[in-house]
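Student: Chain by chain, the residues:
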Amino acid sequence: MSRLGVLLRHRVRRDRLQLIIWILGIGLLALFSTSSIQDTFGDSASRATVLRLAVANPSILLLRGTPDGAGLNAFVFFEIFTFLALLAGLMNTFLAVRHTRAEEEFGRAELVGSTPAARTSPTVATVVYGVLVNLVLGLVVALGFTVGTKDAAGSFVVGLATAGAGIAFLGVGLLSAQFMRTSRGANGLAAAVVTAAYVFRGIGDALGTPWSDRLHVTPAWWSWLSPIGWGQRTQAYGANTLLPLLLDGALAAASIAIVFVLQAHRDSGASLLPGRAGRATARRTLSGSLGLAWRLQWPTIVGWCVGGALFGLLAGVLSKAISEAVGVDAALQRTVANLLPGGHGTLAQIFISAIFVMVGVIAAACAIQVVMRMRQEEVTGTAELILATPVSRLRWLLDYFAVGVVAIVLVLASGAVASGFSSVATGESAARIGDSFEAAAAQLPAALVYLAVLALVFGILPAWTIGLGWAFLGIGTFFGVFGGLIGLPEWVRNISPFTHSPVPIGTSTDWSGGVWMLGIAIVAGILASVAVRRRELGTA
Amino acid sequence: MNSLIDAKPAHDASAVIDTRGLEKRFGRVRALDGLDLSVSAGEVHGFLGPNGAGKSTTIRVLLGLARASGGSATVFGRNPWDDAVELHKRIAYVPGDVNLWPNLSGGEAIDLISRLRGGADDKSAYAKRKARLIEVFQFDPSKRGRAYSKGNRQKVALIAAFASPAELFILDEPTSGLDPLMEAVFNREIRRASADGATVLLSSHILSEVEQLCDRVSIIRAGRTVDSGTLAELRHLTRTEISFAQDTLTDADLARIPGSHDLSLAGGRIRFTVDSHQVAAVLPALAELDVQGLTVAPPSLEDLFLRHYGDKLDDAVAGEAEARTPRRRAARAAAQQR
Ligand SMILES: Nc1ncnc2c1ncn2[C@@H]1O[C@H](COP(=O)(O)OP(=O)(O)OP(=O)(O)O)[C@@H](O)[C@H]1O
Ligand SMILES: [Mg+2]
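Chains A and B supply the protein sequences, listed in that same order. Numbering of the first sequence is given in my numbering, commencing with residue 8 and proceeding in unit increments. Numbering of the second sequence is given in my numbering, commencing with residue 46 and proceeding in unit increments.
So that you can see chain A by itself, here it is in the shape it has in the complex (with noise of 0.2 Å):
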């Protein structure tokens, strides 16, 4: 017990700043976004009104949720649950990870390994010691919710649930690490599963089927895969039912022990994927610390390619599954246009634009991830070797700089490609290639503007890139893309980056937007250049 002890305490000092910041924020995001709802959606009326159009209109179900009903409560929980289990689901991946992959990694597992405390008790703390934090979580967010919804039963169903996708998740972080070499691929992979958790979910609740009076929808199948799905299961305020948690608590449990299985057969260090061998010499393309960043950079960048792909198929296939669904409504149509980004136009062109912005939130992760890769390798010291060469502090950021955007060109593309030519497939008119490379060259300045801030963030406060890029890109997604669903004020919206991006449909497309970011972009960027020029390199 005690050297277990040790190892907590251990842990919770480690992460206490990081921890209170995610589960307040978690607890903090489930009480605002209650009380958004509430003033924005008081009357049931109203309610079933956008519930009527969500089930008419898919990707507000892929996005959101399935309806439970035009009551209060399960309206929230319709509107949020998937956005805090997600959450939730990164919190414990990178949880997991930190403390087993990127411990083994840096060596500092086998200090600990060395010492009378087991080889696995490192990961039986990580173990309990995570499970504890997801408690609190729930803890939290069910406090948070009965503040908001006063209905104490309901809300602890949802604090139960959301701590339950936390711990499956915990599990899933905790399995990854040991196929995975580094913690950089191993948060990869856990993040990877974390978003496809979501995609699986969202796909069973568009191709859900609604009931006859149009205020709930029975997922389809595809959402009982998804850790996500089985909490918006537990039907909170409505049903009340724990049942479908217990598949989380079988996942992490299954994933925990397959983890103890292969521990018990591996280095210390070693992974389940092994590193092959490389090349003696260097390949042309590697002359510079262009070449470099590319060659450091284009694994991840492809994965990214990879997810904008996906959503641009969505975007591609289920277009026509939509406008062949809803008629030509006007009032339908008003409503739509203060929920999703872009109001007019057909649904089809709505709904591809609706599902860009996703793909332009790919964008921007895959931007800022360039960036965070120039503060690694300033914090490895494999920066200075380049440094220390007649490589400028300013060309170097230059060439990152030209990688993000080719990365955020590239993603777009990708999504642009498969949206345009799958609609083209389900037999959907030519036009929609067109529409579909709008659509992502709208999202080219929201991203270019993630790029150039996170880079002046690097340059004036460095230990901060980090830390600071992910929360932009969670703060922005949520209020730019959610904040329309879930009622939130007009200036609350206007913080993110991609709430100002062009909505290009019909002919009278404002780009203003996208120009006046594209100046931001460009300001920041020089301050950036400016800001990295000045400082000195740091160091671990």
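It should be emphasised that the hints constitute simulated quantities derived from the structure, not laboratory data. Every value quoted in this text rests on a predicted model; they were computed, and no experiment measured them. Some clues are possibly wrong.
Computed footprint of chain A on chain B; a stretch qualifies when at least three of its residues, placed anywhere within it, have a C-beta under 8 Å from a C-beta of chain A [what the hints assert, rightly or not]: (1) 102–115; (2) 131–141; (3) 157–164; (4) 181–190.
Here are some chain A residues the structure puts well away from chain B; computed CB gaps all over 12 Å [unchecked claim]: (5) Q242; (6) G245; (7) F267; (8) T387; (9) A390; (10) L394; (11) W518; (12) V530; (13) V537.
Think of the CB as a built atom: it goes at the ideal place given N, C-alpha and C, for glycine as much as any other residue.
Let chain A serve as the given structure and place chain B with the ligands on it in line with the hints.
Tutor: Using the frame of chain A, we list chain B with the ligands on its own:
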């Protein structure tokens, strides 16, 4: 640089590296606190000091990776912060703690650094040099970064440094993690570079390496230079130990030996120390006493360095401070004031 702080004389034009009163603060930590270092063209200069003395910090300032907070530093007569890119064309650097890119092989990392330095422009000459170095360092270039041991990571940086010609080598503990065989290879490569006319600044904790390679050394402590000169000069400032058989000698006999310190009797032998420059003056007295089994041991480098490094030893020798030259006394007093 800051001309108010730099009230000292102009820089020595012939020096490749010249720092005057160099200061570097990290918040409240004074990593460098008035460091003077001068390395002339063509010399191999040892740079010594206990852990945390500020060697790596000095090197980072000299490379323009860190900016001095005060004092001045020039490399080839230029400011390393402002002219970093120009200077780096002439410098090869081996960091103290080599980290590699996990997904690049060692061979790729060597090629990359060499190409960045412009050393790979002449392809065939570069390929020959690289092949020779890989051979002598017994290095496997096709493993990936993370698969290398510490010594092998070090070899990547060393091979990259030696594979392209450079006028100045700045090496921060370059042999840490190398086995003795590889250390010998390293020594040969330094001699080769030096014979080609390069200047070398070599930070090290390994005294035999310093003794074998360095023309001059600078010893720093707590961010200041406490001693600097050729090894012979430094040795000269410490005591030589003399011992011989006691036989029938009396205390009165021994009192006739001039300038002796720490006189002791152990195991039938008399031992004492004299300042190294007074050894010649002591010998006639010893001849007169007709001592048997005489040994004269020059001061070991260890003694020299321990004296500068350790607080305890430093205090122990402080009692005999009269015997020291003013220069050393001033240096130590300065160190103690801190
Ligand atoms: N980035 C930094 N922030 C704060 N303090 C620093 C930083 N870098 C160095 N220091 C401090 O400056 C002092 C000198 O460190 P430096 O690394 O130059 O020592 P060193 O002589 O190279 O030691 P070693 O022999 O152990 O390599 C130390 O006290 C160190 O803690
Ligand atoms: Mg050092």
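Student: All hints are to be evaluated individually against the structure, with a verdict given for each.
Tutor: Hints versus structure:
Interface restraint, the segment 102–115 of chain B with chain A: holds (5 residues with C-beta to C-beta distance below 8 Å; minimum three). Given a C-beta distance limit of less than 8 Å, the hint that chain A covers the segment 131–141 of chain B holds, as 6 residues qualify and 3 suffice. Look at the segment 157–164 of chain B against chain A: 6 of its residues bring a Cβ nearer than 8 Å to a Cβ of that chain, three or more, so the hint holds. Note: the segment 181–190 of chain B has 4 residues with beta-carbon separation from chain A under 8 Å; the three-residue rule is met and the coverage holds.
Distance check for Q242 (chain A) against chain B: the nearest CB is about 46 Å away, which clears 12 Å, and the non-interface claim stands. At roughly 49 Å from the closest C-beta of chain B, the C-beta of G245 (chain A) stays outside 12 Å, upholding its exclusion from the interface. For F267 (chain A), the condition that its CB be more than 12 Å from all CB atoms of chain B holds, with the nearest at approximately 25 Å. Distance to chain B contradicts T387 (chain A) as a non-interface residue, since its nearest Cβ pair spans about 5 Å, not more than 12 Å.
Listed as outside the interface, A390 (chain A) is inconsistent with that label: its C-beta sits roughly 9 Å from the nearest C-beta of chain B, within the 12 Å cut-off. Distance check on L394 (chain A): its Cβ comes as close as 6 Å (rounded) to a Cβ of chain B, failing to clear the 12 Å threshold; non-interface status is violated. For W518 (chain A), the non-interface assignment is confirmed: its Cβ lies about 40 Å from the closest Cβ of chain B, beyond the 12 Å cut-off. No beta-carbon of chain B is positioned within 12 Å of the beta-carbon of V530 (chain A); the least distance is around 25 Å.
Against chain B, the non-interface label of V537 (chain A) holds: every CB pair exceeds 12 Å, the least being about 15 Å.
Of the hints listed earlier, those the structure fails to meet are numbers 8, 9, 10, in rising order.
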